Amino acid sequence: MLVRHAQSEWNAVGRWQGWADPPLSALGREQAHQAVAAVGWVDLIVSSDLRRAVDTAAILAAGVGVSEPAVMPSLRERNVGRWTGLTRAEIDRHWPGALSGPMPDPPGGETAARLLERVLATMTELAEAYQGQTVLAVTHGGFIRSLERHLGVDPAPLPNLGGVEVDVDGGRLAVGPRRLLLDPDEVMVTVPCQL
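As numbered in the working numbering, the sequence shown has no gaps in its residue numbers, which increase by one up to the final residue, 206.
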């Protein structure tokens, strides 16, 4: 399963993160602790190298009793270049209309084609390294949505600690329905729309 990290401090204020490395917010830490109950059986947890994902993965791993998460830098978010740290309103002010259609390539950032290439290579690497095991990969909204878009799934905004089951069979990828690891009656569910 691929799952988006818990809420970060920048998610909370609407800033685009990309490769920036803000920590989890207090709510994000609470979300990660609450999500433990929904994880179910996993053999291992892997994580992006960005702190918001690493910290989410560490909380989940401790909660379900698996070893410390392995870190895979290729699971990181899309590099959003000059949009890093900006809000949607600031991007609209400096690049009018850039966010009104399909996701454009951010200036100075990672192109959609390059991101997809990295996503597909990472999925192959995960499938080969952990064949036959149930893996929870803590990653980012842009990473997951790139895979969904490639597989013909509507890549709507993904909540923090929302994810998707991924099946890799003979090099073919398939995604199942989205799943939320949070109970909205227990903790606030957040849906950052930065990517």
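One or more of the hints may lead you astray.
[Claimed, not checked] Pair by pair, the computed Cβ-Cβ distance ranges are:
no.	residue 1	residue 2	range
1	L162	A81	20 to 26 Å
2	R99	D180	36 to 42 Å
3	D180	D103	38 to 44 Å
4	H44	L162	29 to 35 Å
5	G92	E176	27 to 33 Å
6	V179	D60	45 to 51 Å
7	D54	L162	21 to 27 Å
8	E197	E136	19 to 25 Å
9	R40	Y141	35 to 41 Å
10	G182	D116	23 to 29 Å
If you are wondering where the hints come from, they were derived from the structure by calculation, not from laboratory data. Fair warning: this is a prediction, and the values are worked out from it, not measured in the lab. The C-beta atom is built at its ideal place from N, Cα and C for all residues, glycine as well.
Now the hints, each set against the structure:
Against the hinted window of 20 to 26 Å, the Cβ-Cβ separation of L162 and A81 comes to about 25 Å, which satisfies the hint. In this structure the supplied range 36 to 42 Å holds for R99 paired with D180, their Cβ-Cβ distance being about 38 Å. One distance hint, 38 to 44 Å for the beta-carbon pair D180 and D103, holds here, with the actual separation near 42 Å. The hinted range of 29 to 35 Å is satisfied by H44 and L162, whose Cβ atoms lie roughly 31 Å apart.
Between G92 and E176 the beta carbon distance is about 31 Å. The supplied range of 27 to 33 Å therefore holds. V179 and D60 have their C-beta atoms about 22 Å apart, which leaves the hinted 45 to 51 Å range violated. Judged by the Cβ atoms, the range 21 to 27 Å given for D54 and L162 holds: they are separated by roughly 24 Å. Evaluation of the 19 to 25 Å hint for E197 and E136 yields a failure: the beta carbon distance comes to about 34 Å.
At roughly 27 Å, the beta-carbon separation of R40 and Y141 lies outside the given 35 to 41 Å, and the hint is violated. Look at G182 against D116: about 27 Å separates their beta carbons, and that is inside 23 to 29 Å.
In the structure shown, a violation is registered for the earlier hints numbered 6, 8, 9, in ascending order.
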